[in-house]
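J.: Take the sequence shown: its position 255, counted from the start at 1, is 255 in UniProt numbering, and no numbers get skipped.
No wet-lab data here; the hints were simulated from the structure. Each hint should be verified, as a subset may be incorrect.
Unchecked claim - Computed cross-link-like contacts, DSS-like style, restricted to lysine-lysine with a CA-CA straight-line distance of at most 25 Å: (1) K410 with K363; (2) K203 with K74; (3) K24 with K74; (4) K303 with K360; (5) K74 with K5; (6) K199 with K74; (7) K30 with K74; (8) K30 with K231; (9) K300 with K272; (10) K403 with K360; (11) K275 with K314; (12) K128 with K74; (13) K310 with K231; (14) K300 with K231; (15) K314 with K363; (16) K300 with K320; (17) K403 with K363; (18) K275 with K403.
What the hints assert, rightly or not - Listed next, with one range per pair, are the computed distances between beta-carbon atoms: (19) P193 with S239: 36 to 46 Å; (20) D324 with E61: 34 to 44 Å; (21) P351 with R198: 15 to 25 Å; (22) P213 with L59: 50 to 60 Å; (23) V366 with D324: 42 to 52 Å; (24) G144 with P183: 15 to 25 Å; (25) Y125 with H217: 27 to 37 Å; (26) N133 with E287: 54 to 64 Å; (27) D228 with H207: 22 to 32 Å; (28) K303 with D324: 13 to 23 Å; (29) K303 with D256: 17 to 27 Å.
Every residue, glycine too, gets a C-beta built ideally from N, C-alpha and C.
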Amino acid sequence: MVEVKLHDIGEGMTEGEIVHYLVKVGETVKVDQPLVEVSTDKMTAELPSPVAGIVEEILIETGTTINVGTTVLKIKAEGAAQIKEAPAEEADKTKKAEPATQKPAVSSETVSTKQRSKRVLASPYTRKIARENGIDIEQIQGTGAAGRVMDEDVYRFMENGPDSNVEETKAPALKETVEEVAPKIEATPEMIPFRGRRKQIAKKMTHSLFTIPHVTHFEEIDMTELMDYRKELKEIDVSISVAAFFLKALAIALKDFPVFNAKLDEENEQIKLEKVYNIGIATDSDEGLIVPVVHHVDKKSLKQIHAEIKTLTKKAQENKLTMDNLTGGTFTVSNVGPLGSIGATPIINHPETGLIAFHKTKKMPVVNANDEIVIRSMMNLSMSFDHRVADGATAVAFTNRFKQLIENPKLLMLELV
1 MVEVKLHDIG EGMTEGEIVH YLVKVGETVK VDQPLVEVST DKMTAELPSP VAGIVEEILI
61 ETGTTINVGT TVLKIKAEGA AQIKEAPAEE ADKTKKAEPA TQKPAVSSET VSTKQRSKRV
121 LASPYTRKIA RENGIDIEQI QGTGAAGRVM DEDVYRFMEN GPDSNVEETK APALKETVEE
181 VAPKIEATPE MIPFRGRRKQ IAKKMTHSLF TIPHVTHFEE IDMTELMDYR KELKEIDVSI
241 SVAAFFLKAL AIALKDFPVF NAKLDEENEQ IKLEKVYNIG IATDSDEGLI VPVVHHVDKK
301 SLKQIHAEIK TLTKKAQENK LTMDNLTGGT FTVSNVGPLG SIGATPIINH PETGLIAFHK
361 TKKMPVVNAN DEIVIRSMMN LSMSFDHRVA DGATAVAFTN RFKQLIENPK LLMLELV
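Please model the complete structure; the sequences and the hints are all you need to start from.
T.: Right, here's the structure in full:
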């Protein structure tokens, strides 16, 4: 009995799906006769019979995916049947004659990897059309890419017979054209495991996007006064990051518009207005996006916020953040400006209500109140908010308040008193 196993039919496959059997149990088959169609993630191919004989047993149902090495069916080889039926003496003679005449028993592994004289490219459905109409698909001239036999080729063959391969007369010109094309360069893609933090980020982003009806609006901020103010501070050896100013201004704006410092409790049908102002900072790290939280921003000075941002960013990059550093956020910012972006549609950090992304600050000509063209340092921001909790007009008022504080650092200082 010869076991026909699924073997690697190319491209390092590890498994394949049994698409269709081309033979039945009890059917006599010849060497190299196609037995079964197998589909991998890249191709469909036929497993040929390694021996002549009778199909004894089909072991795998169609539609089943199996690993390479699995026995698909068994064939009772012709040689094996004759040996059993032969008298003992004949068997002895046969054994004596073996060195000169006996062909070595052919293993399924060996024969199954034997190449057919002609490999036909065609989809399972196309093969089915040919098979059901009693047509040998190898006789059909394919007109598809790389000679693939298409459905139309089968129908044309059915209608015109072998003469339908008139395409062959035109083939040389077509082939010459194809050969002039630059050779296809095969490249093996790099596979990155989709797990760990990357998978968790994906899960959280998907949940947020499919749960919260996001709306994003954009605003333009004149950063000139704030940049000048930071220069003045540096002249007296005080360095405060722009992000620290952003967080402080946001804490003030969130107090003025508490709906953006809120979480929607759908189960109890309530909007929970938080009374703490804990702002998360979306931070890039080697293992992916992570959001450490600066707690109680409203109660801390600019210097304290600046120092805490530096500490959290360093811990994030060193993968040393604690659970306390990562929990309790009520609003999130994404400061992508240093990377150079000009706009985005950020995804809200569920279950929060809003998220602001700050983009690149660049100098550009602006028309001032006196209709003069002046050079200013301008920055865009993108704010996404939960439209179930807030409306566009409120969101615009919120960002206008933030804009007012950033564009007028002296006003921001007054708010801190």
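J.: Identify every previously stated hint that the structure contradicts and give their numbers, smallest first.
T.: 2, 6, 8, 11, 15, 20, 25 and 27
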